[in-house]
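**Student:** Sequence:
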Amino acid sequence: MKKFICAAVIACLLSAPARAADDAGAANDQMMITALTMLHMRVYMLELCGVTESDAPAEFAKNRAEEERFLGALSEDARRNLPAEYAKMEASIKADWDKGSEAHRAQNCVSVKAGAGVQ
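Each residue of the sequence shown is one higher than the last, beginning at -2 in the numbering used here.
Read the hints as simulated data drawn from the structure, not as lab findings.
This one's a predicted model, so the numbers in the text were calculated from it and none came from an experiment.
Where a beta carbon is used, it is the ideal one built from N, C-alpha and C, also for glycine.
Please note: incorrect hints may appear among the correct ones.
[Said to hold, decoys possible] Have a look at the derived ranges for each label pair, beta carbon to beta carbon: (1) Glu50 x Ala88: 33 to 39 Å; (2) Ser72 x Asn105: 17 to 23 Å; (3) Lys96 x Arg61: 26 to 32 Å.
[Claimed, not checked] Straight-line alpha carbon distances no greater than 30 Å define the calculated DSBU-like cross-link-like pairs of lysine-lysine that follow: (4) Lys91 x Lys110; (5) Lys96 x Lys110; (6) Lys85 x Lys96; (7) Lys59 x Lys91; (8) Lys59 x Lys85; (9) Lys110 x Lys59.
Taking the hints into account, I'd like the entire structure generated from these sequences.
**Tutor:** See the structure below:
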């Protein structure tokens, strides 16, 4: 019995670094997905407000550069799941957008456009 317990403890100790690395990788992926979703949300809000890339080229270029940086840090699995994360975020924003009054939408657009440097 003591040998079994010792073997189990040794096995746990030896597998701990691998689990820690997996946990760190998953945490990194989650942080990158959150950052990418926020970038995508910014662009999506601009689009909802009728802002195109020609209206705010610097904002769209900045978002693309940041997106490329974050995408490079994602695992392949996380990269495959990213479109689903974007779709959930878009559906949530669109549902809130559709529920809001015209005045509320206009107020949101003023803020979004000001953040992008668009009049």
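**Student:** Would you mind marking each hint as holding or not holding in the structure?
**Tutor:** Each hint tested on the structure:
no. : hint                       : in the structure
1   : Glu50 x Ala88: 33 to 39 Å  : violated, 23 Å
2   : Ser72 x Asn105: 17 to 23 Å : violated, 34 Å
3   : Lys96 x Arg61: 26 to 32 Å  : holds, 30 Å
4   : Lys91 x Lys110             : holds, 17 Å
5   : Lys96 x Lys110             : holds, 21 Å
6   : Lys85 x Lys96              : holds, 17 Å
7   : Lys59 x Lys91              : holds, 24 Å
8   : Lys59 x Lys85              : holds, 23 Å
9   : Lys110 x Lys59             : holds, 15 Å
The structure does not agree with the numbered hints 1 and 2 stated previously, though it agrees with the rest.
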